[in-house]
Amino acid sequence: MSVKRNLFNTVWDLHKVGTLETGQDQLFIGLHLIHEVTSPQAFQMLEERGLKVLHPERTFATVDHIVPTASQARPFKDRLAEEMMQAIENNTARHGIEFFGLNTDHQGIVHIIGPELGLTQPGMTIACGDSHTSTHGAFGAIAFGIGTSQIRDVLATQTMALSRPRVRKINVSGRLKPGVYAKDIILRIIADLGVNGGIGYAYEYNGEAIHALSMEERMTICNMSIEGGARVGYVNPDETTFEYIRGRKYAPREDEFERACRFWREIASGEDAEYDHVFDLDANTLRPMVTWGITPGQAIGVDERLPSLRDLPEDQRDIAEKALEHMGFAERDRILGKKIDVAFLGSCTNGRISDLREAARLVRGHKVARSVRAIVVPGSKQVSMQAEREGLPAIFQEAGFEWRGAGCSMCLAMNPDKLEGRQISASSSNRNFVGRQGSPLGRTLLMSPAMVAAAAVTGEVVDVRDFGEYGQ
Amino acid sequence: MNEIKQAIKTIRGRGIVIRGNDIDTDQIIPARFMKVVTFDGLGEYAFFDLRYDEEGKKKSHPFNEERYQGAGILIVNRNFGCGSSREHAPQALMRAGIRAVIGESFAEIFGGNCTAMGVPTVVLSGEDTGSLMQMVEHDSSLTIEVDLPSSTVRCGERTFPFEMHPAYRSALIAGNWDSTSVLLSNVDSIESTARRIPYLCGFSTPAKK
Ligand code: SF4
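Line order of the protein sequences matches chains A and B.
Taking the working numbering, the leading residue of the first sequence gets 18, the next gets one more, and so forth.
Taking the working numbering, the leading residue of the second sequence gets 850, the next gets one more, and so forth.
Be aware that one or more of the hints could be misleading.
[To be verified] Think about it this way: if two alpha-carbon atoms lie no more than 20 Å apart in a straight line, the pair counts; the simulated EDC-like pairs of lysine to aspartate or glutamate are: (1) Lys-266/A <-> Glu-115/A; (2) Lys-854/B <-> Glu-38/A; (3) Lys-858/B <-> Glu-38/A; (4) Lys-384/A <-> Asp-480/A; (5) Lys-21/A <-> Glu-283/A; (6) Lys-33/A <-> Asp-1037/B; (7) Lys-339/A <-> Asp-902/B; (8) Lys-884/B <-> Glu-106/A; (9) Lys-194/A <-> Asp-483/A; (10) Lys-339/A <-> Glu-903/B; (11) Lys-69/A <-> Glu-1040/B; (12) Lys-21/A <-> Glu-291/A; (13) Lys-266/A <-> Asp-122/A; (14) Lys-884/B <-> Glu-99/A; (15) Lys-435/A <-> Glu-904/B; (16) Lys-884/B <-> Asp-95/A; (17) Lys-266/A <-> Glu-256/A; (18) Lys-908/B <-> Glu-342/A; (19) Lys-69/A <-> Asp-1037/B; (20) Lys-435/A <-> Glu-419/A; (21) Lys-854/B <-> Glu-65/A.
These are calculated hints, taken from the structure and not from any lab test.
None of these values were measured; they are calculated from a predicted model.
Please model the entire structure based on the sequences and the hints provided.
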């Protein structure tokens, strides 16, 4: 067989059960993760058909979307949230699925706990009823967001029907400058390739700049693949990956770990691997990015001006016009200096310990602007506990941030944390869709956690490179 | 076991036009309506925030228009259904009476979710989408026919060729769009595949390049 294969195709073939009549492949799913919002209907469908879970030991569950992050006392005040909580408790107990609930040390956003527990490993196929499942690709796994009918398929058969996508290599050369982060890389990629540029593709992030990143930064990039239309995004595993996994709860141990590393090295795309398309980006040219509109592709450098409709390709004008209207911005406005009402630090994109450390480093000794409500929501219990060991909550609280329990929170506002009216938020999350943060009129500016921290303190969009110690 | 097998070949109905690119699943069904353990009753929340203002007063939206009531075929533009994987979105549309969606392009997870519910998503060229939208906006009583075997959409005197994911098309026509039973029929191959996957066997089997 050819050695020019990329990781994606190698892993796909390893998991291929066969080709179905429809022409799709049946793919074995090595790791299935579930949460409370998209799984109850799948269990209901199983039970209606009298099916059981084929491999309960390959499925793991947690709760993240609906959990309140202020008080987590049971029963929840919100009756519907409580009902969903009970549904996942019952379903996992009945089917023998391991559940990381609120009373465990491992509860958190599903895409944060998988890696944290060492469940996420290179060369796996991973599925979860959540579009940001692409996050797990940071380990060189191929990870798909799926709908509820496919959750039912995976529960019942540990497989699903899929068409093989093409593979695009996104080669990021150079090195990031201070004040520029992984979030800025992915916002730039989506702005360049478009929010639907990745439909039908898996994205392989490669190049010097990517392999210089920590695992947490790689997760930020893979997380947002779906915002560019690519269902799957991944990074080839390397020594950084192995060191991250070593010693984690579900990681292979001792001899088995050594054998695992051998396998993980073998599956990585070689220098001569072939791709359907290659896209190049130079990290040296990147600057902090901010979204100005209502899709994650509507992003510009913090020192740039909003586009004028006339200068945009024709097919982008309609959505740009809607965006300007919703945001209350004008063509050619500067993004710098836009006032904010809320600062949100958290989500599966940027709610990990390194994100909180960086934000804390910047806000230490500063105060949140009087007009701003600022909240920090750690992505998982583990992140929260680690932050406590490092004294981060105190730094945030002294600066005027609220410090919360783990969950999705204001990323999609299914819990009590919501924007109100036309509030505008600086957010470290991944979606700026209309209504995403809980108010149909609310507005979201996506940016890196460091940029959110700087905006919280100054009350407006600032260039983090001019802020605090960067500015000195 | 109780199998669902129903061939879907031709869908007829009146059209409803929703213009605009990149209409995401948060617009199709806002997250706050997903606090449910079944999909029943989601139909009334389709496009909720676009249909009602903060006080609950109706806004102008095709789903609120008298002339489109009872329409079964949704016509949209580019990248429809982008964003979250929530099946609540196509479920809400289906429960609001939508049986097929015609558009310039669809987000990948959304298209798969629709197929799994037996709702075809078919792709017309930008020009044909525009023509069909105009026809329906002009006369909302027109019957549209989405015919999968011939890969065409018919409306009035016009016939538009469509493209569709071949796997989705053949699954719908064959009636095996509900994939669980098809997948489960290969249970022996599922288990033999598992036996050659290194991380399921202590990494003692070699990786195949
Ligand atoms: S943090 Fe946001 S994007 Fe991530 S899983 Fe939760 S709701 Fe989805």
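These are the hints, each one checked on the structure:
Between Lys-266/A and Glu-115/A the alpha-carbon distance is near 14 Å, which keeps this suggested pair within the 20 Å criterion. Only pairs whose Cα atoms come within 20 Å are accepted, and Lys-854/B paired with Glu-38/A is accepted, the gap being roughly 15 Å. Between Lys-858/B and Glu-38/A, the direct Cα distance comes to roughly 17 Å. Compliance with the 20 Å bound is thereby established for this hinted pair. Taking the CA atoms of Lys-384/A and Asp-480/A, the gap is near 17 Å; set against the 20 Å cutoff, the hint holds.
Distance restraint check for Lys-21/A and Glu-283/A: the Cα-Cα separation of roughly 12 Å lies within the 20 Å cut-off, and the hinted pair is therefore satisfied. Among the hinted pairs, Lys-33/A with Asp-1037/B is consistent with the structure: their alpha-carbon atoms are about 13 Å apart, no more than 20 Å. Note on Lys-339/A and Asp-902/B: the hinted pairing holds, with a Cα-Cα distance of about 17 Å set against a maximum of 20 Å. With a C-alpha separation of about 16 Å, the suggested pair Lys-884/B and Glu-106/A falls inside the 20 Å cut-off, and the hint holds.
Pair hint Lys-194/A plus Asp-483/A holds up; C-alpha atoms about 13 Å apart against a cutoff of 20 Å. Taking the CA atoms of Lys-339/A and Glu-903/B, the gap is about 19 Å. The hint holds against a cut of 20 Å. Restraint check for Lys-69/A and Glu-1040/B: the C-alpha separation of about 16 Å stays at or below 20 Å, so the hint holds. Taking the CA atoms of Lys-21/A and Glu-291/A, the gap is about 6 Å. The hint holds against a cut of 20 Å.
About 12 Å separates the Cα atoms of Lys-266/A and Asp-122/A, which keeps this hinted pair within 20 Å; it holds. Between the alpha carbons of Lys-884/B and Glu-99/A the distance comes to roughly 10 Å, so the proposed pair stays at or under 20 Å and holds. Of the pairs offered as hints, the one joining Lys-435/A and Glu-904/B holds, with about 17 Å between alpha carbons and a cut-off of 20 Å not exceeded. The straight-line distance between the Cα atoms of Lys-884/B and Asp-95/A is roughly 10 Å, inside the 20 Å bound, and the hint therefore holds.
About 19 Å separates the Cα atoms of Lys-266/A and Glu-256/A, which keeps this hinted pair within 20 Å; it holds. Proximity of Lys-908/B to Glu-342/A is assessed by CA-CA distance (about 16 Å); at most 20 Å being required, the pair is judged to hold. A distance of roughly 16 Å separates the Cα atoms of Lys-69/A and Asp-1037/B; the hinted pair therefore holds under the 20 Å criterion. About 14 Å separates the Cα atoms of Lys-435/A and Glu-419/A, which keeps this hinted pair within 20 Å; it holds.
A distance of roughly 15 Å separates the Cα atoms of Lys-854/B and Glu-65/A; the hinted pair therefore holds under the 20 Å criterion.
The structure shown violates none of the earlier numbered hints.
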